[in-house]
Amino acid sequence: KAGVTQTPRYLIKTRGQQVTLSCSPISGHRSVSWYQQTPGQGLQFLFEYFSETQRNKGNFPGRFSGRQFSNSRSEMNVSTLELGDSALYLCASRVGTSGGYTDTQYFGPGTRLTVL
Amino acid sequence: GDSVTQMEGPVTLSEEAFLTINCTYTATGYPSLFWYVQYPGEGLQLLLKATKADDKGSNKGFEATYRKETTSFHLEKGSVQVSDSAVYFCALASNSNSGYALNFGKGTSLLVTP
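So the protein sequences, as listed, match chains A and B. End of the first sequence sits at 116 in the numbering used here; the numbers just go up one at a time, nothing left out. End of the second sequence sits at 1114 in the numbering used here; the numbers just go up one at a time, nothing left out.
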């Protein structure tokens, strides 16, 4: 079974631009989550989508948004980029069982975003 | 709120040495606990997990036991190899009405020298 895939792997943008990152979950997984990884803040949860609905959201400004499509693929968008948005953005998927907290999340390789 | 605390790195060991990386947590309810590993330039890989008290997760020679009384989930390996050099993250997932989110520790960098 193919793992979680993310595109693009690397991205360079300038301040003020916007960016869209894409994630394809493992086949059969209904939940997709996004995390931001930086050296200073570590791994921080952005949001989770389940069956096209945002289920949970971390403490990030409204410039960060996402969506999920009917095939469970997800996109994340960051508008008006700031230097501090430079990070590794990780997508993760899980089956999405009832109760859920025993599920394992499987991570993609990440998209490395650099904001100049 | 939920949180995970793990020992700061970097940890440097010689090949075949014993490894312990400490992890403690704070959570309401009964979380699931995970160890993930990240190799340079890659995403996170699940190393092992435990979903209830006294469960032992194990994989590739690594072990961790879910200790509710001490709120701990320490990672151990009896004999490390150079290929174990990576960053290790302890994480928890709790049964929250607001949905699923992994709460990670800061990560512990491990360097194993020949």
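Simulated from the structure, these hints should not be mistaken for lab results. The reader is advised that the hints may include incorrect statements.
Distance ranges between label pairs, derived from CB positions [what the hints assert, rightly or not]:
no. : chain 1 : residue 1 : chain 2 : residue 2 : range
1   : A       : T7        : B       : G1029     : 34 to 40 Å
2   : B       : D1055     : A       : V95       : 15 to 21 Å
3   : B       : E1069     : A       : R9        : 23 to 29 Å
4   : B       : S1109     : A       : R9        : 18 to 24 Å
5   : A       : T20       : B       : A1053     : 40 to 46 Å
Here are the simulated EDC-like pairs of lysine to aspartate or glutamate, each with C-alpha atoms no more than 20 Å apart in a straight line [to be verified]:
no. : chain 1 : residue 1 : chain 2 : residue 2
6   : B       : K1056     : A       : D103
7   : B       : K1106     : A       : D85
8   : A       : K57       : A       : D85
9   : A       : K1        : B       : D1002
10  : A       : K57       : B       : D1002
11  : B       : K1068     : B       : D1002
12  : B       : K1052     : A       : D103
13  : B       : K1106     : B       : E1015
Here a beta-carbon is modelled for each residue, glycine too, at the ideal position from N, C-alpha and C.
Results for each hint:
1. A:T7 to B:G1029: 34 to 40 Å: holds, 36 Å
2. B:D1055 to A:V95: 15 to 21 Å: Roughly 19 Å apart at Cβ, these two residues keep to the hinted range, so it holds.
3. B:E1069 to A:R9: 23 to 29 Å: violated, 44 Å
4. B:S1109 to A:R9: 18 to 24 Å: At roughly 23 Å between Cβ atoms, A:R9 and B:S1109 fall inside 18 to 24 Å, so the hint holds.
5. A:T20 to B:A1053: 40 to 46 Å: Given a distance of about 42 Å, which is inside 40 to 46 Å, the answer is holds.
6. B:K1056 to A:D103: Holds: B:K1056 and A:D103 sit about 16 Å apart, inside 20 Å.
7. B:K1106 to A:D85: holds, 19 Å
8. A:K57 to A:D85: With a Cα-Cα distance of about 17 Å, the restraint between A:K57 and A:D85 holds, given a limit of 20 Å.
9. A:K1 to B:D1002: violated, 33 Å
10. A:K57 to B:D1002: It holds: about 15 Å lies between the C-alpha atoms, which stays within 20 Å.
11. B:K1068 to B:D1002: Holds - the C-alpha atoms of B:D1002 and B:K1068 are around 14 Å apart, at most 20 Å.
12. B:K1052 to A:D103: holds, 13 Å
13. B:K1106 to B:E1015: violated, 24 Å
The earlier numbered hints that this structure contradicts are 3, 9, 13.
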